[in-house]
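Quick mapping for you: the protein sequence lines, in order, are chains F and D.
Just so you know, we're using the working numbering here: the first sequence kicks off at 1 and counts up by one.
Just so you know, we're using the working numbering here: the second sequence kicks off at 1 and counts up by one.
Simulated from the structure, these hints should not be mistaken for laboratory data.
Among the hints, a few may not be true.
[What the hints assert, rightly or not] Distance condition first, Cα-Cα at most 27 Å in a straight line; then the derived DSSO-like pairs of lysine-lysine:
hint, chain 1, residue 1, chain 2, residue 2
1, F, Lys41, D, Lys88
2, D, Lys175, D, Lys160
3, D, Lys181, F, Lys196
4, F, Lys59, D, Lys182
5, D, Lys182, F, Lys190
6, F, Lys210, F, Lys346
7, D, Lys88, F, Lys210
8, F, Lys210, D, Lys175
9, F, Lys41, D, Lys160
10, D, Lys160, F, Lys59
11, D, Lys88, F, Lys59
12, D, Lys88, F, Lys52
13, D, Lys88, F, Lys196
14, D, Lys175, F, Lys59
15, F, Lys52, D, Lys28
16, F, Lys34, D, Lys29
17, F, Lys196, D, Lys175
18, D, Lys29, F, Lys52
19, D, Lys65, D, Lys181
20, D, Lys28, F, Lys34
21, F, Lys258, F, Lys196
22, F, Lys52, D, Lys175
23, D, Lys88, F, Lys34
24, F, Lys190, D, Lys175
25, F, Lys236, F, Lys218
26, D, Lys29, F, Lys179
27, D, Lys181, F, Lys52
28, F, Lys179, D, Lys28
29, F, Lys41, D, Lys29
30, D, Lys93, F, Lys52
31, F, Lys34, D, Lys160
32, D, Lys93, F, Lys41
33, F, Lys218, D, Lys65
34, D, Lys28, F, Lys41
[Said to hold, decoys possible] Which residues of chain F face chain D? A partial, calculated answer using Cβ under 10 Å:
hint, residue
35, Asp5
36, Asn16
37, Lys21
38, Phe37
39, Gly51
40, Met186
Where is the CB? At the ideal position from N, CA and C, for every residue including glycine.
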Amino acid sequence: MRNIDLFDDYLYQRINADDAKLFEERLLTDADFKTQFEDHKNFVNLLQEFGKQEQLKSKLDTIYNEEFGTPNIHQLNPKNTFYKQYGRMMGVAASVALIAVIATITLLSSGGYLIKQHDTSITNLSREITHMKSVQEGIIDGIKTISQKRSFEAANVEGTGFALNNNGYFLTSLHMVNKSDSVFVMDGEKNSYYAKVVLTDARLDIAILKIEKDSAAKFANVPYTFKNSSADMGEKVFTLGFPAEDIVYGEGTIASLKGSADTAMYQISVPINPGNSGGPLFDEQGNIIGLIKSKNSSAEGTGFAVKSNYIMQLLSKIENDTLKAELHSNSGKNLLRNLNRSQQLKRIEPCVYNIKVFKGN
Amino acid sequence: MATLTLTDNEYIEGLRISDNAVIRSVYKKFYPTVMRMVLNNSGTEQEAKDVFQESILVLYHHVQKQNFILSCALQTYLYSVAKRIWLKQLHKKSGTLKLDERFIEGDDFANAENEVSVYEEREQNLDRMHESIGQLGEPCQTLLTDFYIARLGMDEIAEKFGYTNADNAKNQKYKCLQRLKKIFFLDQEGKSS
Chain F
1 MRNIDLFDDY LYQRINADDA KLFEERLLTD ADFKTQFEDH KNFVNLLQEF
51 GKQEQLKSKL DTIYNEEFGT PNIHQLNPKN TFYKQYGRMM GVAASVALIA
101 VIATITLLSS GGYLIKQHDT SITNLSREIT HMKSVQEGII DGIKTISQKR
151 SFEAANVEGT GFALNNNGYF LTSLHMVNKS DSVFVMDGEK NSYYAKVVLT
201 DARLDIAILK IEKDSAAKFA NVPYTFKNSS ADMGEKVFTL GFPAEDIVYG
251 EGTIASLKGS ADTAMYQISV PINPGNSGGP LFDEQGNIIG LIKSKNSSAE
301 GTGFAVKSNY IMQLLSKIEN DTLKAELHSN SGKNLLRNLN RSQQLKRIEP
351 CVYNIKVFKG N
Chain D
1 MATLTLTDNE YIEGLRISDN AVIRSVYKKF YPTVMRMVLN NSGTEQEAKD
51 VFQESILVLY HHVQKQNFIL SCALQTYLYS VAKRIWLKQL HKKSGTLKLD
101 ERFIEGDDFA NAENEVSVYE EREQNLDRMH ESIGQLGEPC QTLLTDFYIA
151 RLGMDEIAEK FGYTNADNAK NQKYKCLQRL KKIFFLDQEG KSS
């Protein structure tokens, strides 16, 4: 085998762990081999950086033309011809890869229950936020010399999400992150991390987010467990969420074991507001029994939460074993059982996050 | 109700992975001041656009490093970097060394000069790579791009280019890469002598 093939296999992680180990040992003992490898790696890095930069330039051009462009000044920068030729192909390759990923992780039939997502009396609880008009005008003021301005509006959504485990996975409501351009998860110290949507289920209206591995985020073990059976009517429940910029506590009871005639949901009497979407619902012992989904806008004080046992069932049906293992909760037992409420909240709070969704235009 | 705007760190994170929505909002938020600066200092819209995009590339280059720390507001960073770039171009064009003081706004980022020159050094290599790839011709151009940039597997490449198997594709990739390196390094020697 030629060294370069070996280098590429190693760089692109196309060799097994044993061979990788042998490879690394050889790097330590064979100085000539090591030099060859370093040279090759530097060259490949330059090639990759070049590719990424061309891609970025092309994006910048597109955005410029869409946002500020006038028909007359489209000048072809000779440096951009490479991407113009190959960019589309790279884009196609990227989408093929993306579709493949989605295909492997998209689930799944999850039973015959129904969430009436289009029922007009049910309001999803994400906070729709539109940039203030004055901000737009401030920006537009700066570019009044350019004709054909595009709209500067960008609608954004905020809500709540919570840690599924200590691997960087989070649960939230699908209706919040649906059709988003980017999703950020913000912790109590207002550090934001870029998150990817790795799994969605439209029927339960849930989404699982993942924070990229290379981010600086550190994840604590979650102190709670997920209840695998149904809770009872009349049980006292509580939630933490972000109806405002800061975390808010709310409590109430389980009003019905069916939410809007749907057996996958609880009807709850907990004061909830836009921004609570995607938040956790706990029983008195601190078990997660549901995920806050929506409220009935025509009957104040009535909310709906997706039952945790339905969520657990859904996760157990994932066919991708690696993902399934990664999603497994780290907590074998509920550490909140014998604590009073304020102690429970102190433990839970670091695991509840403000989810910021950017939907672009 | 609070208005959602991304923090500087969110912009940096988004730019690091070249996120479309984030790049768009960077453009919308930070371009107008840079544009004003260029237009008010004898530049055209096209030049303003190029200066801004170059500034984004400078930032993009630096945020790829894991130890990147933004030591001033992003607004200040981009504006100061853009100012350096435009000053250099003005100097080349007309020998002007100074911007019209009346139009200089915002705090200055002291390290901007260095950020720009670090990038320019790297950019020389990137430009050379661009020229070398341009001279390579097909099918090598596409094949190397597919493998090293789009990260297609050898099987996919073999199928796409009609090679009988992945090994043949691998041989072809090897030859193409050798050619690219030859062009690249010859070019380099030519330039430095």
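Please flag the earlier hints that this structure goes against, numbers listed from lowest up.
-> 1, 3, 4, 5, 7, 8, 13, 14, 16, 17, 20, 21, 23, 24, 25, 29, 30, 31, 32, 34, 36, 37 and 38
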